[in-house]
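Going down the list, the protein sequences come from chains A and B. According to the working numbering, the first sequence holds residues 1 to 680 in order. According to the working numbering, the second sequence holds residues 1001 to 1399 in order.
These are calculated hints, taken from the structure and not from any lab test. Heads up, some of the hints might be wrong.
Using C-beta positions, here's what the derived DEER-type ranges look like [claimed, not checked]:
1) B:1206 <-> A:60: 24 to 32 Å
2) B:1138 <-> A:25: 27 to 35 Å
3) B:1053 <-> A:124: 57 to 65 Å
Residues from chain A shown here face chain B by an in silico Cβ test under 8 Å; the list is partial [as the list claims (entries may be wrong)]:
4) 32
5) 48
6) 55
7) 344
8) 346
9) 349
10) 504
11) 561
12) 562
13) 563
14) 566
Just so it is clear, CB atoms sit at the ideal spot from N, CA and C, and this is done for glycine as well.
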Amino acid sequence: MYNRFRNHGASLKECMTRYVWVCILVLLFGGLTVGRYAWLQLVRGEELRKRSYDMATNKIVSQHPRGKIVDRDGAELAVSIMTGSLYADPEDMVDKLATTKNLSNRRDVRKLAAQLLAPVLKISEAKLLEKFSVPESRFQWIKRSLEPKEEQAVRKIIRENRLPGLHFEMESKRYYTKKKMAAQVLGFVGIDDKGGAGIELQLDKELKGRKTSQLQTFNSRQDRIYDEFVKDPVEVKLPTVYLTLDSHMQYVVEAAVDNAMLEYNAAGAAAIIMDPYTGEILAMASRPTFDPNNIDDYSSESWNNKGVSFIYEPGSVFKPIVGCIGMTNGVVGPNTGFYDSGHITVADRVFRNWDGEGLGNISFTDVIKFSNNVGMIKLGQMIGKKSMVEGAKNFGFGNDTGVDLPGEESGILYAKDMWDPDLASFSIGQGIAVTPLQELRAICAIANGGELVKPYMIKKIVDADGNVIREGKKEVVRNVITENVSSQMRMMMEKVVSEGGGKKAAIKGYRIAGKTGTAEKLDPNGGYTPGKYIASFVGFVPADKPKYAMLVMVDTPKGSLFYGSQVSAPIFRDVLQQILVLKGIQPSSREGLPSLEEMDKLSAKLRSKQKVKPLPKLETLANGKIKLPAFKGVDIRKATEILEAGKLRLRPYGEGEAYQQKPLPGTEVDPNTTVEIWFN
Amino acid sequence: MDKSFWIFRNPKQAIFCIMAVLMVIGGINVFSASFIQAQDMYGNSYSFLIRYVIFTALGFAVMHVMRRLGYKKLLQPELLFGIYITVALMMMAVFVFPAVKGAHRWIFLPGLSIQPSEAAKLAIIMICASSLGEMLKRKEPVRLFKGRSSKIVILTVIYFILIYFEPDLGTGAIVMGLMLGMFIIAGLPKNEIVGMLGIALVGAIGLTMGTAYRRERVMVMLDPWRDPLDKGYQMVQAQMAIGSGGLFGTHWGQGTGKFFYLPEAHTDFAFAIFSQENGFLGVLFVFVLFMLLGYIFAYIALHAADEQGFLLASGVTFLIIGQAVANMAMVGGLLPIIGVPLVFISYGGSSMLISMAAIGLLLSVYDESVRQEKRKVIAQEAPENRREGLQFTSDRRWK
């Protein structure tokens, strides 16, 4: 039976039985195979799908540029453009799937890439190779923020040589168009598009370039596939931040502060211009300063915005506040008489006038006008400790102003344990520490008729579609004095400039109110630092209906001049003189002033300090050709206008002012020629 | 014999319908799996699809010719010898042509390439059917090393050697396997079956382990994830493609495997792409279609008019269905990568033509059985033949 077919053939039926058995075996194996597919697809499906997905997809992160910061009129202060940063994935820098059988065909990708890229990136081959060979690394920055031309060249090399493991990440690069101007207000942007100070820090969330990520499918050669399913990243347009700053005023203030720093060899300075009615900060400068385009070249101390973060004893500039407190409490009026013997003893401390001279019988107006210490101390005693501290608090001291800038200090206001000498010191602006902005705001309350306003820097934030998403508005914290008290104090302060210690702040034809102040500098460790003064001046103009209030503070002027009246008052005058002309504010009286024509010329001259040169003109020649002028310094809009007039086309590169052109100036070209101009 | 088959009027119609469905599925899949590579290689996404359609049309022509000629004429020993020699010469000719991925498997002609080893499979089936059928009829014992049948073994071994040196061990093994299958159903004594399977096993292991890359293939088949980026790459890619299909698939055209990830995505591994895009339900559907086809093939084989017809139809079943299952198993990782195509689903001109020719032969087996049936019916109905006819029926019933 076992070997039935050894000697005779099988019958057809027997053969068929065998055939059926074989078929059943095939069917069983087929069933096993289907089971295998079920296992792969249904049991391990999720895991394998994920593996396959991970293999074929990559998250593509698109970085969008940071939002713009502009001044109140829309002039650009900080803009961002996207630049590519090159990074390597060293582990991936090998030929992996190419001809698995033939190892010798594999290129040394790292060496090749280093060779090819070294001349383009201007990094030595050895250094590149070192970065490409970092063991077990998946991410190495090679060069960040490449110039567009460099980036193109590198991309071309990578593509043509199929270099694996080299990628670009688009990063946002910040440009501060006006360089150092308003540096502390604007702040800066650190790595990874992070706002480091100023508005950049304050509004980091709003300004920060959005990162959108989307999954992209790749084929095994790392080309994108299924592009039709992936929309190009829609550029997330960010809002534009309008500051209350006025570039023109800021420019004038910056120049004046720079001058002062040079002239007095000072350790630092701060100047603020505010609209006394609304609280808008129109200009704010701080020294030492920095260029936010290259923050690494400057010490971090220069990032401080002294206007809001520097605390100091105000000294005599505090006296108008004390005066107002007195008048509000009804203990004093402009004509209240004081006797000044030149010094006054409180408990065991002797206080003197700045010159040690006594003025005899004087009115309160004179006390303010001459910054009389004895009179002020007597007034302080009349007001009393409790009322004095309450009054100062009422004026916003001891609390931050709530300005929309980071790093604001609230100053020091001791409410308790005030002894008699403390009260005396307080009356003359000592024993209290303020920030320049606090001081200026309090003076603004005098200027505007009694409203303590909240200063602000952000005029509005406008989204990409032009909708205002946030608007800075005038905010009255409280009414601190009556209109009557404020007008009396304005009058007294006007006298300070016209007759008293602030004469150097006077501007012919304008009614200026102000107050000088000189205080010994506080030592961070307590007490005073002898020989170091802070010279300040605070005032507003015009005195009857103020448009601008300004504070100037110079920290430690060196040399023979250190009084506020000598150092800061002239800065105030220089700045406001230019601004009044620039803004076309008519003088109260024309006595002793230049004629209107001369004013216009002066105004034009001041304006031209910021705007340069007459516009270039095209010259049409007899033969129909056009002679190109030099476009240097012209902006895109102007260049377009000029070229359009001559039927020429413009191909612009970049933004800002022209610095290079092709064809060169003086070239004769036919109409319809394209002129390339590079803007910076 | 000419009975209705499910919804179909007769087996012939059933075969055509199932084939048509498989061809449509195959065409779609070939296009989906190949358009990326076609674009990359020829700049024309439709390149492979067009050729698939052309080969399908040619296939129908070949099928028709084979069917019309009929297996009785085609299984003449003289003709078969001529076919055998032609195929052998073609398999020698491949060495003249350039190697692809290190193997001489193709004869390149302008516009098309021929893979003679595919023809060898059918040639062996035909030779076996002819010879063994004759022996069965004469009740001669079928032995591997004795008698007439041993000559077939020699012929097959010659083929095997030729294919082995291409090198294409997988196809060589299939040729040997087909021959062995034919021998087994033709009544090979069981001790020879066991011995042969033993030799095949030892031979397979020996040949496999003898060459480093084949050994690696087997090792990698056992655990492709141990070298997913190199040796196990194809296997891993295939499994990821299959697995990512899940139950319903990624939808047509949206699989990622074909984007140069999976080698041979439109040929031997086309079923992986199919699995990815159509999911387990698609796999099941195609499997069921092949099994139905197999069932009809088996039906035809079991109702063949004579021994040669039976053996030929059996061989065709193994060729079409056996290879289909083998391909699915290979793609799914149950078998080592042996380069067996999945007819209709994967792109392969030679395989398509040969398969269609085989189906043509099978249909001629069916035609013959129908003719014989008719003759019997006529014999039954003719009064002078009634006695004989009744005898036959009783014979069938009781024997």
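- Which numbered hints are broken by the structure, listed smallest first? 1, 7, 8, 9, 10, 11, 12, 13 and 14
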